[in-house]
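**Student:** So the chains spell out like this:
Protein chains: 2
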Amino acid sequence: MRGSLYRLMGGFTEFDDYVRARVPQYLDELKALIRQPTVSAQGIGIADTARIVLDRARRAGIDASARSVNGGPPTIVGETGRGERTLLVYNHYDVQPPDPLDEWETPPFEPTERDGHLFGRGVSDNKGNLMARLQAIEAYRATIGELPLRVRVLYEGEEESGSPHLAAFVDANADRLRADGCIWEAGYKDAAGRPTISCGLKGIAYVELRVRGAAKDAHSSVATIIPNPAWRLVWALATLKNDRDEITVDGFAQEVRQPTPAELGLLERLPFDETAMLRIHGISRFVGGLSGLALKRKHFYEPTCTICGIVSGYTGAGSKTVLPAIASAKIDFRLVPDLTPEKVATLLRAHLDRRGFSDVEIVPSHGERPSRWPTDSLPARAAAVACRATYGVDPVVYPLMAGSGPMAQVCDRLGIPVTGFGSGNAASANHAPNENIAIADYVDHIRAFGRFLDTFAGRPL
Amino acid sequence: MRGSLYRLMGGFTEFDDYVRARVPQYLDELKALIRQPTVSAQGIGIADTARIVLDRARRAGIDASARSVNGGPPTIVGETGRGERTLLVYNHYDVQPPDPLDEWETPPFEPTERDGHLFGRGVSDNKGNLMARLQAIEAYRATIGELPLRVRVLYEGEEESGSPHLAAFVDANADRLRADGCIWEAGYKDAAGRPTISCGLKGIAYVELRVRGAAKDAHSSVATIIPNPAWRLVWALATLKNDRDEITVDGFAQEVRQPTPAELGLLERLPFDETAMLRIHGISRFVGGLSGLALKRKHFYEPTCTICGIVSGYTGAGSKTVLPAIASAKIDFRLVPDLTPEKVATLLRAHLDRRGFSDVEIVPSHGERPSRWPTDSLPARAAAVACRATYGVDPVVYPLMAGSGPMAQVCDRLGIPVTGFGSGNAASANHAPNENIAIADYVDHIRAFGRFLDTFAGRPL
Chain X
2 MRGSLYRLMG GFTEFDDYVR ARVPQYLDEL KALIRQPTVS AQGIGIADTA RIVLDRARRA
62 GIDASARSVN GGPPTIVGET GRGERTLLVY NHYDVQPPDP LDEWETPPFE PTERDGHLFG
122 RGVSDNKGNL MARLQAIEAY RATIGELPLR VRVLYEGEEE SGSPHLAAFV DANADRLRAD
182 GCIWEAGYKD AAGRPTISCG LKGIAYVELR VRGAAKDAHS SVATIIPNPA WRLVWALATL
242 KNDRDEITVD GFAQEVRQPT PAELGLLERL PFDETAMLRI HGISRFVGGL SGLALKRKHF
302 YEPTCTICGI VSGYTGAGSK TVLPAIASAK IDFRLVPDLT PEKVATLLRA HLDRRGFSDV
362 EIVPSHGERP SRWPTDSLPA RAAAVACRAT YGVDPVVYPL MAGSGPMAQV CDRLGIPVTG
422 FGSGNAASAN HAPNENIAIA DYVDHIRAFG RFLDTFAGRP L
Chain H
2 MRGSLYRLMG GFTEFDDYVR ARVPQYLDEL KALIRQPTVS AQGIGIADTA RIVLDRARRA
62 GIDASARSVN GGPPTIVGET GRGERTLLVY NHYDVQPPDP LDEWETPPFE PTERDGHLFG
122 RGVSDNKGNL MARLQAIEAY RATIGELPLR VRVLYEGEEE SGSPHLAAFV DANADRLRAD
182 GCIWEAGYKD AAGRPTISCG LKGIAYVELR VRGAAKDAHS SVATIIPNPA WRLVWALATL
242 KNDRDEITVD GFAQEVRQPT PAELGLLERL PFDETAMLRI HGISRFVGGL SGLALKRKHF
302 YEPTCTICGI VSGYTGAGSK TVLPAIASAK IDFRLVPDLT PEKVATLLRA HLDRRGFSDV
362 EIVPSHGERP SRWPTDSLPA RAAAVACRAT YGVDPVVYPL MAGSGPMAQV CDRLGIPVTG
422 FGSGNAASAN HAPNENIAIA DYVDHIRAFG RFLDTFAGRP L
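Chains as they are written, first to last, in the numbering used here: chain X, 2 to 462; chain H, 2 to 462.
Hint data in this document are derived by calculation from the structure and do not stem from the laboratory. Note that the structure is predicted; figures quoted are calculated from it, not measured. There may be inaccurate statements among the hints.
All copies of an identical chain are treated as equivalent in the list; a pair is satisfied when it fits inside any one copy or across any two copies.
[Said to hold, decoys possible] Pairs of lysine-lysine residues, derived as DSSO-like cross-links and limited to a Cα-Cα distance of at most 27 angstroms, are as follows:
1) Lys299 with Lys344
2) Lys32 with Lys217
3) Lys32 with Lys344
4) Lys299 with Lys32
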C-alpha cells in the first residue's frame with residue numbers, strides 16, 4: 002500500500018532520502034567487509050568472509066545458506082521476496098591479491114576515504130556492489146514495501162581464482178538459481194563519466210608456461226653449452242604473438258567469431274573516450290596506433306594473449322652472473338566466441354610441439370568460456386530504464402565487458418539472460434594497487450538497484 | 002750455493018718436505034684470512050683485509066705498500082727478489098657475497114675441514130691462491146735460496162665488484178707492475194682431476210634491459226589496446242639470439258675473431274669430459290646437441306648472450322590477471338676478441354632502434370674486455386713445465402677460461418703475457434655456497450708455484 006502510494010507520488014524520493022541519510026552507516030558496513038582480507042588465490046580469509054556475508058544477507062531478509070560442493074569454498078545462496086518474475090543476483094566475496102603492496106598509497110585492507118573516493122582491495126571488485134545491493138533491498142522494504150519480485154542471490158568465494166567449483170555447484174543447486182534474468186557482479190562509469198551496462202564477458206584461459214634447464218643455477222660462463230630455460234621461454238613466447246600484436250597460435254584466429262553487421266553498427270555508435278583512456282593509463286598511443294571503430298572492435302570482439310607475469314634467474318639489485326635453472330610465465334588468453342579454454346589448451350600444445358618446444362610445460366590454472374547475450378534482453382532493458390532514472394542520462398550499452406568471469410558457468414548453463422551494472426569507474430584499478438570507487442557512485446548504485454527491482458519486475462518507475 | 006747444490010741433487014725434494022711439514026701452519030694462516038669477511042659488493046672488511054694481506058706480504062720478504070687511486074680501495078703492490086726476468090703475480094683479496102646463507106653446510110666465514118677439503122668463502126676465489134703463493138716464496142727462500150727472478154705482486158680488493166678503479170691504478174703504477182709475464186689469480190683441476198692452465202679470460206658486458214608500459218599495472222582485460230612491456234621485452238629479446246643459440250645482434254658476429262688453424266688443432270686435442278659436464282649440470286644434452294670439437298669451439302671461442310634474470314608482472318603463487326607496467330631483463334654477454342663492452346653497447350642500441358625497440362632502455366652494469374694470450378708464451382711454457390714436475394702429468398692447456406676478470410685492465414694494458422694455474426677443482430663452487438678446495442690441491446699449488454719461480458726464471462728443474 003505504502004509502496005503503491007509512493008509510486009503514485011512520483012517514485013523513489015523517499016527511497017533516495019532514506020539512502021542518503023544512511024551513507025556513513027552504509028560505508029562503515031562496506032569498510033568492515035574490506036578490512037577482512039579474502040584472497041582466494043592464497044586461501045586467506047575465505048571461511049571468515051563467508052560467515053560475514055551470510056550473516057549480512059540474512060539481516061537483509063534473505064533466506065540464505067552457505068553450501069559447498071566437492072570440497073569447494075562456501076557459496077552463499079538465498080531467496081527473498083515474491084512475484085511473477087525471478088531475478089538472480091551474482092556477486093563474489095573474494096578479492097585479488099594486493100601485490101605490489103608498496104604501490105598502495107594507503108594499505109589495501111585499511112579502507113580509506115580520500116577525495117570523495119573509497120580506496121581498498123575489493124571496494125570495486127566486488128564487495129562494494131555486493132553490499133550496495135543488499136542495502137538497496139533493505140532500503141526498498143523500508144521505504145516502498147515488499148519486493149515486487151523474487152530475488153535470488155549467488156555469492157561465490159573463488160571468482161578471482163577461476164571459480165573451479167561453480168559449474169558443479171550450479172548443477173547441484175539449479176533449483177535454487179533458476180531465474181528470468183540475472184544481474185551480474187559489476188558495471189562501470191566510462192572514462193567520460195557515463196553509466197554503462199554490459200551484456201556479456203570474455204572467457205579466459207590462464208596458463209603457466211614452465212621450462213627447466215640444468216639441475217640448479219650455474220655460473221653464466223657455461224651458458225655457451227648449458228641450455229638456458231629463460232631463452233627457451235622467450236623463444237616459445239615469441240611464437241605466440243607477433244609485434245603487431247597478432248596472436249599467431251596455429252588455428253587460433255579461425256575460432257574467432259566475427260561481429261555481425263548489426264553488432265558493428267552498435268559498436269560504431271558506442272561512445273569510447275580515447276583521450277581519457279590514454280590519460281588514465283599514462284600512455285601516448287594505443288596498441289598498433291589504433292583508434293575509432295578498429296580500436297573498439299579489437300577491444301570488444303578480439304581475444305588476447307597477455308604475459309601477466311614472467312620470472313627467471315636473478316631479479317634483485319645489481320648484477321649476478323647466473324645461468325638460471327628454471328623459467329616460467331603466466332599467460333592469460335581472453336576469449337571470444339567460439340574460443341574455449343579447452344580449445345586454447347589443445348591449440349597451444351600442438352603449436353609449441355610443432356615448433357620443437359615440447360620442453361615447455363603448460364600448466365593450466367583456470368578457464369572460463371565466453372558468454373555473450375542480447376543487448377535487448379529483459380534484464381538489459383530493465384537496467385537501462387533504471388539507470389536512466391538514476392543518472393538522468395541513457396546508459397552506454399556495451400556488448401560485453403572485456404574482463405572475464407564465470408558468467409557462462411551460471412547463465413549459459415541455466416539459460417538466463419544477463420546484464421551488469423554497478424558502482425565502478427574507469428579508473429577503479431581493479432586487480433591493481435589503489436583500487437577505488439567514488440562514494441557518489443556507490444550511493445547511485447544503491448539508488449539504481451532499488452529502481453531496477455521495479456523495472457525488472459515490470460513495474461513502471 | 003745451497004740452492005745450486007740442491008738442484009744438482011735432484012730439485013725440490015727439500016722444498017717439498019719443508020712444505021709438507023708445515024701444512025697445518027699454512028692452513029691456519031689461510032683460515033685466519035678466510036675468517037675475515039671481505040665482501041666488496043657490500044663494502045665489508047676491505048680495509049681490515051688489506052692490512053692483513055699487506056702485513057703477510059711483508060713477512061714474506063716483499064717490499065709492499067697499499068695504495069689507492071680516485072678513492073678506490075687499498076691495492077697492494079710490492080716487489081722482492083732480483084734476476085733477469087720479472088714476474089707479476091695478480092690476486093684479489095675480496096670475495097663474493099655469501100648468499101644464499103642457508104645453503105652452506107658450515108658457515109661461510111668459519112673455514113672448516115671436511116673430507117680432505119677446506120670449505121669457506123674465498124678459499125678458492127681467491128684468498129687460497131694468494132696465500133699459497135706467499136708461502137711458496139718463503140719456502141723457496143728457506144730451502145733453495147734467494148729468488149732467481151724479480152717477483153712483483155698486485156693484490157686488489159674489488160675484483161668481485163668489477164674492478165672499477167683498476168685501470169686507473171695500473172696507469173698510475175705502471176712502473177711498479179711491468180713484467181715479462183703474469184701469473185693470474187687461479188686455475189682448476191678439471192672434472193677428470195687433470196691440472197689445467199689457461200691463457201686468457203672472456204670479457205663481459207652486463208646490461209639491464211628495461212621497458213615501461215602504462216603508468217601502473219592494469220587489469221589484463223585492457224591488454225587488447227594498452228601496450229604490454231613484458232611482450233615488448235620478449236619481442237626485443239627474441240631478436241638478440243635465435244633458437245639455434247646464434248647471437249643475431251646486427252654486427253655482433255663480425256666482431257668475433259675466429260680461432261686460427263693452430264688454435265683449432267690445440268682445441269681438437271684438448272680433453273673435455275662431456276659425460277662429467279652433463280652429469281654435473283643434470284642435463285641430457287648440450288646446447289644444439291653439440292659435442293666434440295664443435296662443443297669446445299663454442300665454449301672457448303664464442304661469445305654468449307645470456308638471460309641471467311627476467312621479471313615482469315605477477316610472479317607469486319596462483320594466478321593474477323594483471324597487465325604489467327614494467328619489465329626488465331639482466332643480460333650478460335661474455336666477450337671474445339674483438340668484442341668489447343663499448344662495441345656491445347653501441348651494436349645493441351643500434352640493433353634495437355633499427356627494429357623499432359627504441360622504447361627498450363639499456364642500463365649498463367659493468368664490463369671487462371676479453372684477454373687472450375698465446376698458449377706458448379713464457380709464463381705458459383713455464384707453468385706447463387712446473388705443473389708436469391708437480392703433478393707427474395702434462396697439464397691441460399686451455400686457450401682461456403670461459404669466465405671473466407680484469408685481465409685486460411692489467412695484462413693487455415701493460416703488454417704482459419699471462420697464464421693462470423691454481424688450487425681449485427671442478428666442483429670448487431666459486432660464487433656459490435660451500436666454496437671449497439681440496440687440501441692436497443692447496444699443497445700442490447705451493448709446490449707448483451715454487452717450481453714455477455725457477456721455470457719462469459729460465460732455470461732447469
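**Student:** Now, for every hint given, state plainly whether the structure supports it.
**Tutor:** Tested hints:
For the identical chains of this complex, Lys299 and Lys344 are intra-copy neighbours only, at 21 angstroms inside a copy versus 41 angstroms across copies, given an alpha-carbon limit of 27 angstroms. Within a single copy, Lys32 and Lys217 get their C-alpha atoms only as close as 46 angstroms, which misses the 27 angstroms cut-off; across copies the closest is 25 angstroms, which meets it. For a Cα distance limit of 27 angstroms, the shortest separation of Lys32 from Lys344 qualifies neither inside one copy, at 41 angstroms, nor across copies, at 58 angstroms. Taking the closest pair of Cα atoms, Lys299 and Lys32 never come within 27 angstroms of each other, the shortest separation being 37 angstroms inside a single copy and 62 angstroms across copies.
Going down the numbered hints, you'll see the structure goes against 3, 4, while the others check out.
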